[in-house]
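**Q** Here the protein sequences come in this chain order: A and U. Under the working numbering, read the first sequence as residues 23 to 346, first letter to last. Under the working numbering, read the second sequence as residues 23 to 346, first letter to last.
FYI, nobody ran anything at the bench for these hints, they're computed from the structure. Just so you know, these numbers come straight off a predicted model, no measurement behind them. Where hints are given, some of them may not hold.
Pairs involving identical chains hold if they fit within one copy or between any two copies, as the list cannot separate such chains.
In silico DSBU-like cross-links for lysine-lysine, where the CA-CA straight-line distance does not exceed 35 angstroms [said to hold, decoys possible]: (1) 125 with 195; (2) 27 with 57; (3) 27 with 217; (4) 68 with 217; (5) 343 with 192; (6) 315 with 279; (7) 125 with 27; (8) 192 with 109; (9) 125 with 57; (10) 27 with 279; (11) 279 with 191; (12) 195 with 68; (13) 57 with 191; (14) 68 with 179; (15) 109 with 217; (16) 191 with 125; (17) 125 with 192; (18) 27 with 343.
Number of protein chains: 2
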Amino acid sequence: MASIKDVAQRAGVSVATVSRVLNDKGYVGHNTREKVEQAISSLNYKPNEVARSLFKKQSSTVGLIVPSIMNPFFTELARAVEDTASKLGYNVILCNSDGNSEKEQGYLDVLQQNYVNGIIISSNTLTAEQVESLNIPIVSIDREISSGLPTIVVENKRGAAVATRFLQKKGCKRIAHIRGTVGVVNAEERFEGYKEVVSSEPWYQESYIVNGNYDMQTSIQATLALLERHPEIDGIFAANDIMAIGAIKVAHQLGLKIPEQLSIVGFDGIALTNVMTPELTTIVQPIYELGEKATTMLVGLMRQQPVEETYYRLDVELVEKNST
Amino acid sequence: MASIKDVAQRAGVSVATVSRVLNDKGYVGHNTREKVEQAISSLNYKPNEVARSLFKKQSSTVGLIVPSIMNPFFTELARAVEDTASKLGYNVILCNSDGNSEKEQGYLDVLQQNYVNGIIISSNTLTAEQVESLNIPIVSIDREISSGLPTIVVENKRGAAVATRFLQKKGCKRIAHIRGTVGVVNAEERFEGYKEVVSSEPWYQESYIVNGNYDMQTSIQATLALLERHPEIDGIFAANDIMAIGAIKVAHQLGLKIPEQLSIVGFDGIALTNVMTPELTTIVQPIYELGEKATTMLVGLMRQQPVEETYYRLDVELVEKNST
Chain A
23 MASIKDVAQR AGVSVATVSR VLNDKGYVGH NTREKVEQAI SSLNYKPNEV ARSLFKKQSS
83 TVGLIVPSIM NPFFTELARA VEDTASKLGY NVILCNSDGN SEKEQGYLDV LQQNYVNGII
143 ISSNTLTAEQ VESLNIPIVS IDREISSGLP TIVVENKRGA AVATRFLQKK GCKRIAHIRG
203 TVGVVNAEER FEGYKEVVSS EPWYQESYIV NGNYDMQTSI QATLALLERH PEIDGIFAAN
263 DIMAIGAIKV AHQLGLKIPE QLSIVGFDGI ALTNVMTPEL TTIVQPIYEL GEKATTMLVG
323 LMRQQPVEET YYRLDVELVE KNST
Chain U
23 MASIKDVAQR AGVSVATVSR VLNDKGYVGH NTREKVEQAI SSLNYKPNEV ARSLFKKQSS
83 TVGLIVPSIM NPFFTELARA VEDTASKLGY NVILCNSDGN SEKEQGYLDV LQQNYVNGII
143 ISSNTLTAEQ VESLNIPIVS IDREISSGLP TIVVENKRGA AVATRFLQKK GCKRIAHIRG
203 TVGVVNAEER FEGYKEVVSS EPWYQESYIV NGNYDMQTSI QATLALLERH PEIDGIFAAN
263 DIMAIGAIKV AHQLGLKIPE QLSIVGFDGI ALTNVMTPEL TTIVQPIYEL GEKATTMLVG
323 LMRQQPVEET YYRLDVELVE KNST
């Protein structure tokens, strides 16, 4: 690979002159500039971005830490972050934490040491203190860490209440809930929304609530056990779409007709919900907008531009399909 | 953030001494080492990885360029690459090219300028010359660029022939094919495998072949048109799973019973195929192994270790489910 010295030699100028041309700083005569540009082009010289980032104490990369892109919600989010970052001139380093705090901390260290100058994270283990000790902008997405930090989340509790009330409106008399990972903020909020609607019902009982851990396989096991124990259940609100898809699979296995015998509502609005048979009724989050807004906000913070708003709680909406 | 100077000052030694401790090179007395280590720990000093990478002309990052992680095949592949890279001490920069040659070239430039020291790519636009001009190790995955380059692909043609023959064995008399993106090597190979089995059949005609462009929506449109034009079709081999899932959706829409009236076979073996109703019969690729092997090979090449084999064509197998 050609170096800046090779360029200087070919153009018959000093390295400092080449540097002035590259950085567009200081006076360079027209003819000299042309000679340098020809040398750059003929040698196919690429300015050394690592050296630049050392100089500027920043590289053109942002980090994105999510639990796992195997959940399509995070795939779609990652795609939105990468598209937006790319438009703004940044690359994205993608890290899967598996919701494990050691892996998260490891990635945070590595990203910071590489002068990544901003991070978008969906974490359920980080504390506000840990984030503040990082010295680079962090935007928390999907899961709120602290109300003082830049954050983009959605109306989880309200969405869950809408989903549960919709099942009631559809005539369901016994509505179960498949919870997301215990301790994760948005899972707790969705659980609250469910309870708000049904906890005063005469039929309400805690054994209608099972833990699906935001995971399809776990949801399949939990739903099987739930429906064997409580065949009277005629409605399920699952705290995310992949768990709802797991519940649909169980209904098919047990020969239950959807929605005649069992209605199911999910949460997220991933593209996959439109591919299933039946298509899934779900609380749709503006996933792409979440990723887009988070990235724009992060880049604004990194560039120390005035950022109007650093806390968003975006709205969600129920989209009815054939599972209810 | 603390600098190496701060550490030196706190420990009461020179910067060169701190550097010797950090790099574990040259003599440092036991007491001095302890003082430096205490200073590093109390200042929470993180060695500057960008400076190191400039020195070593490498960073601890590999690049992964895929058409789009929105296709679950690439999501699963990306996850395998990241897991393996992480175990070997590397981060992954993930880039979506959308199969667009300009985007691909842009990412290759950016990655190289940031001293990423190896790239795994699934490309259908790059030429061998372009790859060779890069001066860093490249492993081609899923799509062969040139037989001279490090490559990991699967038995596409054989798998496609197995799929088509299986449909015949199941009693299908009119077998259609939904092609992958025209010009993409693996799509052409799968098309060849289909033709090898059926092109000598008396019923064979070119209008049984439609282009699904490896995309679910395109496949839905193409399958609709195909089945309206040719209601006699009783078997479909789709060149990937998401197109097969699109075809299942169309069958549901048209009220066709699967597999009684229409049998469908896909290609890839993504996790999603087990979630569908009916579950999809498909040619299963060892996706995780593909990602793992590609990463191990790439890291071996980067470290200039002896690499036994640089060309793999892994086997595939038909897994029968309820769509046939």
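**Q** What label fits residue 125 with residue 57 when the C-alpha limit is 35 angstroms: within, between, both, or neither?
**A** Intra 50 angstroms, inter 29 angstroms, cutoff 35 angstroms: inter-copy only.
**Q** From the Cα coordinates, with 35 angstroms as the cut-off, is the pair residue 109 and residue 217 best called within, between, both, or neither?
**A** neither (42 angstroms within a copy, 42 angstroms between copies)
**Q** Reference check for the pair residue 191 and residue 125, CA-CA at most 35 angstroms: within, between, both, or neither?
**A** Neither: 44 angstroms inside a chain and 49 angstroms across chains, both beyond 35 angstroms.
**Q** For the identical chains here, do residue 68 and residue 217 meet the 35 angstroms Cα criterion within one copy, between copies, both, or neither?
**A** neither (59 angstroms within a copy, 46 angstroms between copies)
**Q** At most 35 angstroms between C-alpha atoms: does residue 27 with residue 343 qualify within a copy, between copies, both, or neither?
**A** neither (64 angstroms within a copy, 63 angstroms between copies)
**Q** Indicate which option fits the pair residue 68, residue 179 if close means a Cα-Cα distance not exceeding 35 angstroms: within, between, both or neither.
**A** neither (51 angstroms within a copy, 40 angstroms between copies)
**Q** Please sort residue 279 with residue 191 into within, between, both or neither, judging by C-alpha distance up to 35 angstroms.
**A** both (19 angstroms within a copy, 32 angstroms between copies)
**Q** When no copy is named, should residue 27 and residue 217 be tagged within, between, both, or neither for a Cα gap of at most 35 angstroms?
**A** Neither. Shortest intra-copy (69 angstroms) and inter-copy (57 angstroms) distances fail the 35 angstroms Cα cut-off.
**Q** Given a CA cutoff of 35 angstroms, do residue 27 and residue 57 count as a within-copy pair, a between-copy pair, both, or neither?
**A** within (14 angstroms within a copy, 40 angstroms between copies)
**Q** How do residue 125 and residue 195 come out at 35 angstroms by Cα distance, when the copy is not named: within, between, both, or neither?
**A** For residue 125 and residue 195, neither the intra-copy (43 angstroms) nor the inter-copy (53 angstroms) Cα distance is at most 35 angstroms.
**Q** 35 angstroms Cα cut-off: does residue 27 pair with residue 279 within a copy, between copies, both or neither?
**A** neither (74 angstroms within a copy, 70 angstroms between copies)
**Q** Regarding residue 125 and residue 27, is the shortest C-alpha distance of 35 angstroms or less found within a copy, between copies, in both, or in neither?
**A** Between copies only: 30 angstroms across, 41 angstroms inside.
Consistency with the previously given hints fails for numbers 1, 3, 4, 6, 8, 10, 12, 13, 14, 15, 16, 17, 18, ordered from lowest to highest.
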